Every structure is written in C-alpha cells, then in structure tokens.
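Those protein sequence lines, which keep their order, are chains W and S. Residue numbering for the first sequence follows our numbering, starting at 302 and increasing by one per position. Residue numbering for the second sequence follows our numbering, starting at 302 and increasing by one per position.
The hints are simulated quantities; they were obtained by calculation from the structure and are not laboratory data. Since this is a predicted model, take the numbers as computed values, not measurements. Just so you know, not all the hints are guaranteed correct.
What the hints assert, rightly or not - Cross-link-like lysine-lysine pairs, in silico, DSBU-like; alpha carbons within 30 Å at most: (1) S:Lys455 with W:Lys361; (2) S:Lys334 with W:Lys304; (3) S:Lys455 with W:Lys451; (4) W:Lys304 with S:Lys456; (5) W:Lys310 with S:Lys304; (6) S:Lys451 with W:Lys451; (7) W:Lys456 with S:Lys361; (8) S:Lys361 with W:Lys304; (9) W:Lys451 with S:Lys304; (10) S:Lys304 with W:Lys361; (11) W:Lys361 with S:Lys451; (12) S:Lys451 with W:Lys304; (13) S:Lys334 with W:Lys361; (14) S:Lys390 with S:Lys451; (15) S:Lys334 with W:Lys334.
Number of protein chains: 2
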Amino acid sequence: MSKIVEIHKEWLRHRLVLHELLELINDEHTYFKPWDNAFSMGSLAVHIATSMDMFVQAVKNGTFTPPTASNQFESMDEVRKIVREYTEKTRTDFQTLTNSHLEQVFEFNQFVAPGQIWLNTAKDHEVHHKGQLFTYARMVGITDVPFFIKQPPKK
Amino acid sequence: MSKIVEIHKEWLRHRLVLHELLELINDEHTYFKPWDNAFSMGSLAVHIATSMDMFVQAVKNGTFTPPTASNQFESMDEVRKIVREYTEKTRTDFQTLTNSHLEQVFEFNQFVAPGQIWLNTAKDHEVHHKGQLFTYARMVGITDVPFFIKQPPKK
C-alpha cells in the first residue's frame with residue numbers, strides 16, 4: 302500500500318466515527334458548549350471537517366490558504382450535511398495526492414515541514430477535537446457512543 | 302528515518318504536551334469529572350500513559366497482556382510522577398523496536414492487525430483522550446493551555 306493510501310485510510314478510521322457520533326446528537330444540543338468561549342457542538346464538528354480540508358488543500362497546492370467558506374448552520378442536520386460534504390471533498394482530494402506531495406516542504410504559520418508531517422498533524426488535530434466532541438456528547442447525556450476509531454478486521 | 306523512529310517521534314509530539322498540560326492542574330481538580338462514570342482528571346491521565354505502555358509491550362512481545370500495576374494516586378504530583386515514569390519506559394521500549402515488529406500480525410480482542418496499525422491506534426488513543434483532558438482543563442478554569450501538538454521547527 303502506498304504511503305498516501307495508508308494516511309487516507311488511517312484518517313477515514315476516524316472520520317467515519319465522527320459521522321456516527323453526530324447522528325446521535327439532537328438539535329437541542331447544537332450550540333452546547335462546556336465552558337465560555339468554547340467551540341459549540343456544531344462549530345467543533347464543522348471545525349474538524351474544514352481544518353482537514355484546509356490541510357489537504359495545502360498539501361495539494363504546496364501552500365496554505367485560509368478557508369473562505371462560511372458554513373452557517375442552525376440544526377444538527379445542517380451540521381451533518383456540512384461534515385458529509387467535506388468528507389466527500391477530502392476523500393476526492395486524497396485520491397489526487399501522490400507520494401511526492403508527502404515530501405514537498407512548505408510553511409504554515411512560520412513552521413516548516415514536509416507534506417507528510419502536515420497530514421499527520423491534520424489527522425491528529427481531527428482526533429484531538431473528536432475526543433473533545435465525545436466529551437461534549439457524554440455531557441449532554443448520550444451514553445451509547447461508538448468506539449473512538451474503526452477497528453481492524455476481526456479474525 | 303526508519304518507520305519506527307518516525308512513529309516514536311510522532312507520539313512524542315503529543316506526550317510532551319501531556320506533561321505540560323498536567324503541570325497546570327492543581328490538586329483540587331485531581332478527581333474532577335465532567336459526567337457521572339467519566340474517568341477523573343487523574344485517572345484519564347494515567348489511562349493515557351498505561352494504555353500506550355500496554356500497546357508498545359504488545360508490539361514488542363507479539364501478544365497482548367492486560368496491565369497489572371495498580372498506579373494509585375492522591376494528588377496531581379503523584380499523577381505527574383506516574384505519567385513521567387511511563388513516558389521513560391515507553392521511550393526505552395521504542396528503542397528496542399525494529400521495523401520487523403511493525404509487520405508482525407497479532408490479535409487484540411479478536412481484532413487482527415500488524416504492529417504498525419496497533420501503534421497507530423495506540424497513538425490515536427492517546428490523542429483522543431488528551432483532547433478530552435484539554436476539555437477537562439478548560440472546564441476547571443485553566444485558560445493558558447499549550448498547543449495540542451509539538452510543532453515542527455520554525456523557519
């Protein structure tokens with residue numbers, strides 16, 4: 302398996318769980334936040350999806366461009382729709398990446414690293430915030446949450 | 302850089318941040334939990350460290366063995382000490398691993414995968430729970446938290 306396909310698959314092990322988690326959250330919790338100034342439930346989910354897109358675009362283009370889409374939402378259905386659309390976009394983008402994109406070095410906020418490190422950072426950023434979203438979900442009373450990652454095949 | 306050294310370094314980008322985050326938490330929050338039945342602040346930190354150890358031991362030995370140490374604590378100083386000791390143990394263990402450990406296939410709870418997938422899962426498990434610990438920290442009023450990952454060098 303090529304390196305880029307590995308990274309794509311490892312990221313999907315998390316994104317598919319995010320979809321499942323969002324299915325469990327009702328509209329009344331769309332703007333829930335556990336502390337003042339926190340991302341709300343909906344904003345955190347959208348932040349996960351748009352950030353991954355931003356990193357993948359950057360690796361594709363060799364330069365960072367701040368996101369411009371506004372991604373407004375008023376319900377969890379709208380949040381789910383935004384996230385699903387970004388998931389499809391990111392999956393398509395991954396298919397255009399090659400191993401040479403992983404070696405290309407570029408800058409983000411004055412930090413310099415090759416594409417592979419930025420994609421690792423992007424995936425970890427998603428796992429970090431998804432972990433927080435699990436906490437949000439438990440705090441609003443959801444008990445039957447999915448496992449945090451898609452497991453490998455069973456024997 | 303060998304694959305195993307890459308994985309070791311990518312994991313350390315998170316463990317070093319965990320150390321910094323734990324420094325900010327006072328004893329009064331040792332048993333804080335955001336929902337009933339949650340891990341407490343201290344338990345979640347210890348769970349992160351002992352789980353990574355368990356996975357690395359498993360990859361080293363080719364088989365999973367449940368942890369036996371009890372790791373009792375009554376203060377954040379004791380939590381920090383436990384985590385630091387596991388960090389040193391895991392760093393030492395990583396140095397004994399070779400790329401052939403990454404290819405060795407074995408089972409965990411009936412799921413079957415090579416060492417590399419289990420080490421990725423282990424790191425992601427740490428990032429997931431560390432994300433939750435950031436939420437805990439913000440909820441008890443800590444505002445000046447570190448960035449979630451050690452960044453690459455600046456230009």
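Ascending list of hint numbers which this structure does not respect: The structure conflicts with hints 2, 3 and 13, although it agrees with all the remaining ones.
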